[in-house]
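Chain order of the listed sequences is A and B.
Counting in numbering that gives the first Met the number 0, the first sequence runs from 0 upward without gaps.
Counting in numbering that gives the first Met the number 0, the second sequence runs from 0 upward without gaps.
Because the hints were derived from the structure by calculation, they are not lab data.
Bear in mind that the values here come from a model prediction, so they are computed numbers and not experimental data.
Quick reminder that beta carbons are idealized off the backbone N, C-alpha and C, glycines included.
Incorrect hints may have been included.
Unchecked claim - Here are some chain B residues pointing at chain A (derived, C-beta under 10 Å):
id	residue
1	TYR27
2	ILE53
3	VAL75
4	VAL117
5	PHE142
6	VAL154
To be verified - Between beta-carbon pairs, the in silico distance windows are:
id	chain 1	residue 1	chain 2	residue 2	range
7	A	TYR149	B	ARG129	23 to 29 Å
8	A	GLY46	B	GLU1	34 to 40 Å
9	B	ASP125	A	ARG35	45 to 51 Å
10	B	ARG48	A	PRO19	29 to 35 Å
11	A	LYS18	B	GLU25	41 to 47 Å
12	A	PRO19	B	LYS18	41 to 47 Å
2 protein chains.
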Amino acid sequence: MEIRAAVAGDEDSVWAILKPVIRAGETYALPVEMTRADALDYWLARGHRVFVAIEGGAMVGTYYLRANQSGGGAHVANCGYMVAQGFEGRGVARAMCEHSLKVARAAGFRAMQFNFVVSANTRAVDLWRRLGFAIAGRLPRAFRHPELGYIEALVMFRSLEDDPATGRNL
Amino acid sequence: MEIRAAVAGDEDSVWAILKPVIRAGETYALPVEMTRADALDYWLARGHRVFVAIEGGAMVGTYYLRANQSGGGAHVANCGYMVAQGFEGRGVARAMCEHSLKVARAAGFRAMQFNFVVSANTRAVDLWRRLGFAIAGRLPRAFRHPELGYIEALVMFRSLEDDPATGRNL
Chain A
0 MEIRAAVAGD
10 EDSVWAILKP
20 VIRAGETYAL
30 PVEMTRADAL
40 DYWLARGHRV
50 FVAIEGGAMV
60 GTYYLRANQS
70 GGGAHVANCG
80 YMVAQGFEGR
90 GVARAMCEHS
100 LKVARAAGFR
110 AMQFNFVVSA
120 NTRAVDLWRR
130 LGFAIAGRLP
140 RAFRHPELGY
150 IEALVMFRSL
160 EDDPATGRNL
Chain B
0 MEIRAAVAGD
10 EDSVWAILKP
20 VIRAGETYAL
30 PVEMTRADAL
40 DYWLARGHRV
50 FVAIEGGAMV
60 GTYYLRANQS
70 GGGAHVANCG
80 YMVAQGFEGR
90 GVARAMCEHS
100 LKVARAAGFR
110 AMQFNFVVSA
120 NTRAVDLWRR
130 LGFAIAGRLP
140 RAFRHPELGY
150 IEALVMFRSL
160 EDDPATGRNL
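Bound conformation, chain A alone (with noise of 0.2 Å):
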């Protein structure tokens, strides 16, 4: 797999991987109906930096990364990450996270947080887990999910500092 920064002419593949994770509306908090152009407005917003996996010439997945807040927060970073429908389960997100927690660090950010991950995407929450992160929120009934109806949202942290004891982190 193949993780290269977006560029022009992305949009269609990236696109394509957007649409059915908003219109499942079951793992991000945005409209289900959705335009094309509004979601491409939103991942690809000023200040984001988009990368996209390629695995066999196919885009497999895509993230953005960019400062969760702006001045005495600008130090902490922010991710999405969406997985191309059929290719859930084969390490995409894993790889994309991995990437991104390694861009983020080189470029001076010193944590990672994921403001609004529904509890129910058990996949994710392991996976964000299992990478280091914690969960330092509990958002009760924060998200309507389609079919679960009222359920939490967490809000999930991560340092990218180095641990004093091993000098290492990621």
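Given chain A's structure and the hints, the job is docking chain B onto it.
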């Protein structure tokens, strides 16, 4: 104290409130050198309902209310409040927050969330707690305070739904 919707012409007075708060860099994760235009774009953004508090003919505070997320998260409100320099400690923030809880509830929001309360801003943290907000998350070292260095930021959350025991909430 009167709290009313902001109208065209309020920009100078709103900026007079925002400017010292932003320049201090102690409570909001915004660039301390943010320009007037950028600050007003941020505060008066599309999707924000903005209110101002007036006392004795002077604008003593302002707040915005918005949906914190879209799609499946659009039922949770978010607000930002700022009190005019020299008017702290006179109940302006309390009055604005109480007003915002009523406005949010009337607009159909089911909860309110503050994403980034600087832990050193103890006056705010204590006030939000007294107004029914709980600390839902703790973000370690997520805010770089100009004097205190890297300190914790808090996620605070409050339901707006009726308590089934009492039938009351606000």
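Starting from the hint list further up, note which numbers the structure goes against and sort them upward. 2
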